[in-house]
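S.K.: Let's have the full structure, built from the sequences with the hints guiding it.
Listed in order, the protein sequences are those of chains S and X. With the working numbering as the guide, the letters of the first sequence map in order to residues 1 to 237. With the working numbering as the guide, the letters of the second sequence map in order to residues 1 to 380.
FYI, nobody ran anything at the bench for these hints, they're computed from the structure. None of the hints are false.
Here are the simulated DMTMM-like pairs of lysine to aspartate or glutamate, each with C-alpha atoms no more than 20 Å apart in a straight line:
1. S:Lys-127 with X:Asp-3
2. S:Lys-83 with X:Glu-293
3. X:Lys-295 with S:Glu-84
Simulated restraints on C-beta separations:
4. X:Arg-344 with S:Lys-83: 42 to 48 Å
5. X:Arg-344 with S:Ser-150: 44 to 50 Å
6. S:Asp-143 with X:Arg-15: 33 to 39 Å
7. S:Thr-20 with X:Tyr-363: 30 to 36 Å
8. X:Leu-260 with S:Glu-69: 54 to 60 Å
9. S:Pro-27 with X:Ser-372: 19 to 25 Å
10. S:Thr-184 with X:Ile-264: 52 to 58 Å
11. X:Ala-257 with S:Ser-50: 56 to 62 Å
Cβ atoms here follow ideal geometry from the backbone N, Cα and C, with glycine treated the same way.
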Amino acid sequence: MSNNGNGKEPILSIRGLKKTYMQGRIPVHALDGVNLDVKKGELISIVGPSGSGKSTLLSMIGLLDRPTEGSVFIEGKEITDAKESEAPRIRREKIGFVFQHFNLLHTLTALENVDIAMRFSGVSRSKRKIRAFELLSSIGLGDRVNHRPSELSGGQQQRVAIARAMANNPAIILADEPTGAVDTKTREVIVSVLKELSRKGQTIIVVTHDMAVAEQTDRIITMRDGRIESDTGVDMK
Amino acid sequence: MLDLIVRSLTQRKMRTGLTIFGIALGIFAVVVMGGMSEHLNMTYDKSIKLLAADIMVQPDGSGTLDETKIRQIKRVPGVKDAYGVLYTSLDPEKSGGGFDPGDFVSGVLPEKQIKDLKLISGRYLVPGDEYKAVIGSSIARKFNLKVGDELEIKNKRKKGSSSISHTRNVTVVGIQEYSGTMFDSSVNIPLDAAQKFYKMENTVSMIYAEPAPGTDSSLLAKRIDLSVEKVKSRSPEQLRKDIEGELVFFSLITISAAVLAAIIGGLSVMNTMLMSVSERTKEFGLLKALGAERKSILFMTMGEAALMGMIGGIAGIAGGWILVHFLNISFEAQGSALFSITPRIVVIGLIFATVLGMICGTYPAYRATKMSPMEALRYE
Chain S
1 MSNNGNGKEP ILSIRGLKKT YMQGRIPVHA LDGVNLDVKK GELISIVGPS
51 GSGKSTLLSM IGLLDRPTEG SVFIEGKEIT DAKESEAPRI RREKIGFVFQ
101 HFNLLHTLTA LENVDIAMRF SGVSRSKRKI RAFELLSSIG LGDRVNHRPS
151 ELSGGQQQRV AIARAMANNP AIILADEPTG AVDTKTREVI VSVLKELSRK
201 GQTIIVVTHD MAVAEQTDRI ITMRDGRIES DTGVDMK
Chain X
1 MLDLIVRSLT QRKMRTGLTI FGIALGIFAV VVMGGMSEHL NMTYDKSIKL
51 LAADIMVQPD GSGTLDETKI RQIKRVPGVK DAYGVLYTSL DPEKSGGGFD
101 PGDFVSGVLP EKQIKDLKLI SGRYLVPGDE YKAVIGSSIA RKFNLKVGDE
151 LEIKNKRKKG SSSISHTRNV TVVGIQEYSG TMFDSSVNIP LDAAQKFYKM
201 ENTVSMIYAE PAPGTDSSLL AKRIDLSVEK VKSRSPEQLR KDIEGELVFF
251 SLITISAAVL AAIIGGLSVM NTMLMSVSER TKEFGLLKAL GAERKSILFM
301 TMGEAALMGM IGGIAGIAGG WILVHFLNIS FEAQGSALFS ITPRIVVIGL
351 IFATVLGMIC GTYPAYRATK MSPMEALRYE
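M.R.: Structure follows, in structure tokens:
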């Protein structure tokens, strides 16, 4: 199931990535020279203690924040030098987000929550409906499409969020503690959904505290003090 | 996108309802006040049109004019004819104030009656009529008069500390159709009868000068002022300008009070939207993370504000319309209508409400676009 190390062009490349925040007058190096290559279809987990830079790295890849130095390439194209006006389009086309607290819109049904991700890409209403229904059905929520988040369990809500992340066929799915707010049983369901997607060729990067989740991924990257401390993918080489 | 806007507004029904109510109250005030001002405008406009091209000559200052002035004016080159009219209040105790001339008696030469005002029954005054009257439609309705009925006119004059008043009846010979002018409130009797009854022999309130064909009325008005002493002449254009000037002032007072009310409504939109935006930090951050453009978020937020403004506007116009409708019915029973809700007022009210909503939604919308997508990522 692992696709790494087979010589394919990486879908994500990170080169010399640095991010320095000023905390008052003291510079904090949240990222301190990160280099990373990710191949298509890989399911990667990033682990490490709080403040090690995992979430910062994720927001750089997702173009939610800009690095101080270094570059991020997705499918060979540098996104770190993209203009602010291009950022929404890149986020739409290249990235799908999954959050710890699902972040579904409470006023919308499961179907509409998936649908909304495609609105900004200009997909027609009927196509959106079909695609949203297909996505929800494929992760076992075909009978829940008209339920609102409040009528769904935590695991179901997170699956809706995953379907939403998949909606625009992104190059990479970024999942920030996707199992952080659910119980152990639900965690297994979510991890198996992610593994299934990865098997179908979807690249997924998961930030997690939970080693039980990390151990089920193809590759574990451990971060400490803004650097990559270990990378099982590299170790395997 | 509209469905999302509606969804978001209906999600917070109480708050949305109160905000819309605030806007509606403001627009209600705009419509009612504006309707009053429109009605005045229209009344004066139509009244001036009825006077055709005649130059209006009034005493310079207050008081009345001696009839000898008529002969002097007739001698001014360019004047085809001139005639006097005596205006008095129908009931001196209840004379109209401000812009409402109230019911009035006008002493006119039978041959100089405004024939553009058609009669719905009876006849015009003819030479030889004495205490006969042609009355305006509002007078007829107010006193419930038909041709042949009698109407009492009153003369009240101060003499020392007491006042003597005497009355007499005039016979209605004709009733004018409704014209939407101040002549609807007129009781027209022959000039000589009026002068006799009011003890104002050889006196008129105003002289109308008809310019000869091809004469510029503004120039003629100036010429009359120079040739005849102690008069002030106004051409129809000048009259229109003067009245408009006064009406603008009146409109300004009424409309600005109403606009103030509407702006307060607008501020409540802004308040609601700011609250709503700060509550939805996560939502806007999420939408950005999903790749929403700034303009989509602006559209959603401003759309919400504009929609509240528009609904408030429609409700305010409807409310104003209903109130004005019933007020007019009750005013018409005792005379003339007071308000005119013109299409112009409706359009202005609606656009004003919507634009107000949008403007007041601009800042909250700007705040919404500023929401960092990082906020959505942050843990609860």
